[in-house]
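Residues in the sequence shown are numbered from 257 upward in steps of one, following the numbering used here.
No lab work stands behind these hints, which were simulated from the structure alone.
Among the hints, erroneous ones may be present.
[To be verified] Here are the simulated lysine-lysine pairs, PhoX-like style, with alpha carbons at most 20 angstroms apart:
#, residue 1, residue 2
1, K481, K591
2, K425, K594
3, K433, K591
4, K433, K592
5, K499, K433
6, K433, K481
7, K471, K481
Note that the coordinates shown come from a computational prediction; the quantities given were computed from them, not determined experimentally.
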Amino acid sequence: MQSGKGSILKGLVISKFGDLGPEPISWYPDQFSNMMLTEIAVKAVSILAGEEGVPSPKFLSVIPLPKFHLASVIYVFKIPDPQARGGLLVGTTSILFDIKFMSVIYQTIDDLTRLISPIDSFITKPIVENEDITAIVKRFYDSIEEFINNRREEEITRYKIAEREEIKKYDAIYSFKVVVVGDPSVGKTTLVLRYVERAFRELYIPTIGVQVSLKKMELDNISVKFNLWDIAGQDLFSQVRDKFYDGSQAVIILYDITNPKTFEDVFQWHADVKRVLGEVPGFIIGNKLDLPRKISRFDGNELAKKLNLQFTETSAKNGVNIDFVFEQLAKSLIKKNK
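Modelling step: build the complete structure from the supplied sequences, incorporating the hints.
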């Protein structure tokens, strides 16, 4: 199978971090420039910054590569090397996707983990013995591509069936615009994209600091559609945020429970949104519940009370409490708009 122009999956790159730094050692398909391979390897190893030793992540890490219109899903493994410090080198597997289909990554992350995790048991020994692993890399690439294509066909079939069915009569139909804000890297995009409708529909990847996604749900025979505006947290976009906020009926403010600075900045984000929208319902969310915390649940809850918002903690990576957030938000907005 070749990675065609319309393919979602674009490649698989194996890299190691040795004496010469990050080094790509095998890849498929054979279509990448040396410069591109080197940058993919560098980005893969960059996820280890600040780590002690070589981690064995339960989840894959996702890094966008907008320069190449790609998103890289990274799995870290260990390579025995008696001459290396600690007797180990870092190896990485980068699964490359068309960046327009990032929602596919977040909605299939558990399956991707299952598919790619065994790869180190097949390639570690050949890497140590300097053997060619191209055939192994191609085999894993083909299995991931087959999985992705099957999931896409399932989604297409599901929505075709839904379109043929008689439109259900609801007691009421609502549509709400919700802004999702917070510091960079708190998990806003992960939270939104994992749960958007139609993962295999191409996303518009913006350069203007916002990504708009759709979330539909049914609650007590009421249809609710959320237009989720994922607002970039970088200062670069601060001058245009007012336009993105305009017309929103609710707000979700995220912080990272492992990063106190992002918690402190919740006040600033709330003030920024309130300046444009006034008082609106919403949630403060302490994200990354799957990691060791530095911010207590009590502190998060107290902050939410002060700001008159609801509170919960989530793991956007494994989905904990995400449905709860949207259900509670829908109830609040329906009650307010009856």
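Hint by hint, here is what the structure shows:
no.	hint	result
1	K481 x K591	holds, 15 angstroms
2	K425 x K594	holds, 18 angstroms
3	K433 x K591	holds, 16 angstroms
4	K433 x K592	holds, 14 angstroms
5	K499 x K433	holds, 13 angstroms
6	K433 x K481	holds, 9 angstroms
7	K471 x K481	holds, 6 angstroms
Consistency note: the structure conflicts with none of the earlier hints.
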